[in-house]
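Whole structure, please, built from the sequences with the hints as guidance.
Chains as they are written, first to last, in the numbering used here: chain A, 11 to 325; chain B, 2 to 283.
Some hints could be false.
FRET-style restraints, in silico, Cβ to Cβ [as the list claims (entries may be wrong)]:
1. Arg135(B) to Ile71(A): 30 to 36 Å
2. Ile174(A) to Val140(B): 42 to 48 Å
3. Val140(B) to Gln136(A): 52 to 58 Å
4. Pro127(A) to Ser17(B): 39 to 45 Å
5. Lys57(B) to Glu52(A): 55 to 61 Å
6. Ser17(B) to Pro12(A): 53 to 59 Å
Some chain B residues well away from chain A (every beta-carbon gap over 10 Å; in silico) [said to hold, decoys possible]:
7. Gly49
8. Thr64
9. Ile67
10. Glu178
11. Ala180
12. Ile182
Okay, derived cross-link-like pairs now, SDA-like style, lysine to any residue, Cα gap no bigger than 20 Å in a straight line [as the list claims (entries may be wrong)]:
13. Lys15(B) to Glu222(A)
14. Lys45(A) to Ile25(A)
15. Lys15(B) to Met95(A)
16. Lys18(B) to Arg236(A)
Hints were generated in silico from the structure; no laboratory data involved.
Remember, predicted model here, so these are calculated numbers, not experimental data.
For glycine and all other residues, C-beta sits at the position ideal for the given N, C-alpha and C.
Below are the chains, spelled out letter by letter.
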Amino acid sequence: MPSFILVFIFVYVFIAYTIRISISKNWMPGLQDFKTTDPWYENYHTLVSAGRFQADIRNTIVFTALFLLIAVIAGLLLAIAVSNMGRSKVFFRNLFIMPYAVSFIVTGVIWRWIFNPVSGVNLLFQYSGINSLYKTTFGAELHPDWMGSADVVGNMNGLLEHLIPGGTFLQVQMGIPLALLPVIFAAAWQLCGFAMAMFLAGLTSIPHELREAAAIDRASGFRYYRSIALPSLIPMGITTVVILTSTSLKIFDLIYAMSGSGVGFSTDMPGIYVYETMYKALRYPLGAAASVFMLIGVCIVVLPYLLKFSKANEE
Amino acid sequence: MTTSTIPSIVGSSKRSKRVQFFLLCLFIPLFTIPFYVVLSASFKTSQGADVTTMWKLPAEWTTSGISKAWEALSGNFKNSLFMVIPAVAISSLIGSLNGFILSKYKFKFSNTIFTLMLVGMFIPYQTILIPMVRFLQLVHLYGTLPGLALVHIIYGIPITTLMFRNFYVSVPKALVEAASIDGAGLLKTFFRIILPLSIPGFVVAGIYQFTNIWNDFLFGIVTIPNPVNQPVTAALNNLSGTQTVDWNVLMAGSLIAALPTAIMYLLLGRYYIQGLTSGSVK
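Written as C-alpha cells, this is what we have:
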C-alpha cells in the first residue's frame, strides 16, 4: 500500500538522514555539506561533555522516575476507587481524564502562573496559615522559588565519576533539581488520568466468574485486589508504563511553556535542547546528535515491548 | 447462583466504599483548580487581573479580556481548524483502510510491516524534523497549513491504523468472505461493506486525532516560521512570552486554545476514553 511506503520513508529514511547529519561537520539547510567530522563521533563527544546536555540527561532521569512513580500509583489508586463508585463513577472518571484532553501548552501556561513565587501556591500558603505556622516553627518565610530555584539536592558526582572511567567529566551537579518538582507535578496531574483510564479498562475486563469465585471463598476486598485484581492488571500496567515513559523521554511542550530551560538548565530537557540547538543556534549536526540520543532512549523502552506484541500477534 | 448470605461480587465493603468516595472528593479541587484560575481570570478586567489576587473571583465581571484574546488569536484559531479537520479526516480514512487490510488479509510480512509501522507512533519527532522540513521545502509546502496538515496525516497513520485494526478484529470475517465470493475486490468490499460499519471507529479515532493534532506544538512551530500562519498553540505560547500582555488576556487566550478539545471531550467523553485505551498496543 502506498501509505505504508510513505510512513516508512517518513520514519526510517528520515531517521537515517538525521543520523547522517549528526556525524557531519557543517550541515546547514542552505548548504548541503555532508562532510563528516573526524573522528566520526565528534558531535556526540561534544554533546556528552557539554554541561547543558549532562543536565538534560540528569533531568530526564529524575523527571521520568518521579513522574512515572506518581502518575502510575495515583492512576492505579484512582482507578480502584473509581471502579467502586456507583452513580458517581462517570463523573469522577471524566474529571480525572479531563486534563489529558487539553494541550500541554495551555496547561503549561496555567501552571507557570500557579507556581509563580508571587502568586498561586505561595498565596495559598499565606491564606491558609501554613506560612505563619512555618514561620513560627522555622523562623523563616515559606516562600519557595519553584521553577526559579537553582538548587540541586543530593550529589552523585563522586560516585558517578568513580564508576565511569574518564576522570572528572561531569560539569553539573548530579542530584534532584528542585525546580523540576513543580514540572513533575504538572505532568503527573495531566497524565495520571490516562493511567487511570488504562487501569480502569483492565479492572472491568476481569472475568465476572473470577470475582464470583472470590466472593464464594469469602475473600476480603483487600485479598481480592492483592491476589486477583493486581496480578491481572500487570499487562495493562506494562503498557501504561511503556507509553508514559516514552512520553516523558520526549517531553517538550509542557516544560517549554511552563518553565523553559530554567535557571542553570535546571528544567532543561533533551527535547528543548534539540529544538533550540537546531532552530535558535542553527547548529544542526549537534541538535541531530541530541535527537539520536532521544531516539535511542525511546527505543530501549519501546522496542522490546513492540517485539513481544508482534510475536503474540504472529500466533 | 448465589445465596443472600454470600455477596455475589467481591470488592470493597460498603464502609470502605464510603471512605473511597470521600477520598475521591478530596481530589476534586486538585483537578479543577487550573480550570478555575483560567475561568475566573478570563472574566476579570485588566486592572482587576493581578496575579497577586489570582484566587479571587472577578470583582467586576467583563468579557473584555476574552474579546482582546480573541482579537490576538482568532487568526491562529482559524488556522488550527483549517488544518486539523482535513488532517483528521484523511488520516482516519487511510488508517481505516490499513486497519482493514491488516486485520482481514494475512499476507507475507504483514505482521512485520505492522510492527515496523507502530514504531512510527513512538519515535521522538525531534529525530525527523530536519528531513521533514527539507521535504516540505521540496514540495513547496514549507510554511503553509497544507504542509502542516500533510505531516500530521503521515505521522497519524500508525496510530489510526492500530485503532482501526483493533476495531475490525470484532467484525466477522464471514462478512468479508461473503463479499469476495460475490466477486467484490478488496477496495469494493471496503467501501461498500466495511466503511458503513465503521462509524463508531471513526468517532473514536477522529476524536483522538483531533485532540492530538489540535494540541500539537512542535510540528506547528517547526514547519511554519511565520507567526501569522501558525496554529493556535504556537500563538498562545508567543502570547505567553510577551511581557506586555495583560494577565486576564493571557488566561482568556488559554481558554480559547483549550475550548475545542475541552468541548469535544465534554460531549463525547465516553468515546474519548475508548480511544485512549484502544490506541494502545496490548
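Evaluated hints:
Between Arg135(B) and Ile71(A), the C-beta spacing of about 33 Å keeps the proposed range 30 to 36 Å intact. Against the hinted window of 42 to 48 Å, the Cβ-Cβ separation of Ile174(A) and Val140(B) comes to about 46 Å, which satisfies the hint. Take Val140(B) and Gln136(A): their Cβ atoms lie about 56 Å apart, and the range 52 to 58 Å holds. For Pro127(A) and Ser17(B), the Cβ-Cβ distance of about 41 Å falls inside the hinted range of 39 to 45 Å, so the restraint holds.
Hint check: Lys57(B) to Glu52(A), Cβ distance near 56 Å, so the stated range 55 to 61 Å holds. In this structure the supplied range 53 to 59 Å holds for Ser17(B) paired with Pro12(A), their Cβ-Cβ distance being about 56 Å. The Cβ of Gly49(B) lies farther than 10 Å from every Cβ of chain A, with a closest approach of about 14 Å, so its non-interface assignment holds. With a minimum CB-CB distance of about 19 Å to chain A, Thr64(B) clears the 10 Å threshold, and the non-interface call stands.
No Cβ of chain A comes within 10 Å of the Cβ of Ile67(B); the nearest lies about 15 Å off, and the non-interface call holds. With a least CB separation of 21 Å from chain A, Glu178(B) remains clear of the 10 Å interface cut-off, as annotated. With a cut of 10 Å on Cβ distances, Ala180(B) stays outside the contact zone with chain A, its closest approach being about 19 Å. Taking the minimum C-beta to C-beta distance to chain A, about 24 Å, the non-interface status of Ile182(B) holds against the 10 Å cut.
Taken as a hint, the Lys15(B) and Glu222(A) pair is honoured in the structure, with Cα atoms around 17 Å apart against an allowance of 20 Å. A distance of roughly 18 Å separates the Cα atoms of Lys45(A) and Ile25(A); the hinted pair therefore holds under the 20 Å criterion. Distance hint between Lys15(B) and Met95(A) is fulfilled; the C-alpha atoms sit about 10 Å from each other, no more than 20 Å. Note on Lys18(B) and Arg236(A): the hinted pairing holds, with a Cα-Cα distance of about 17 Å set against a maximum of 20 Å.
Taken one by one, the earlier hints all hold for this structure without exception.
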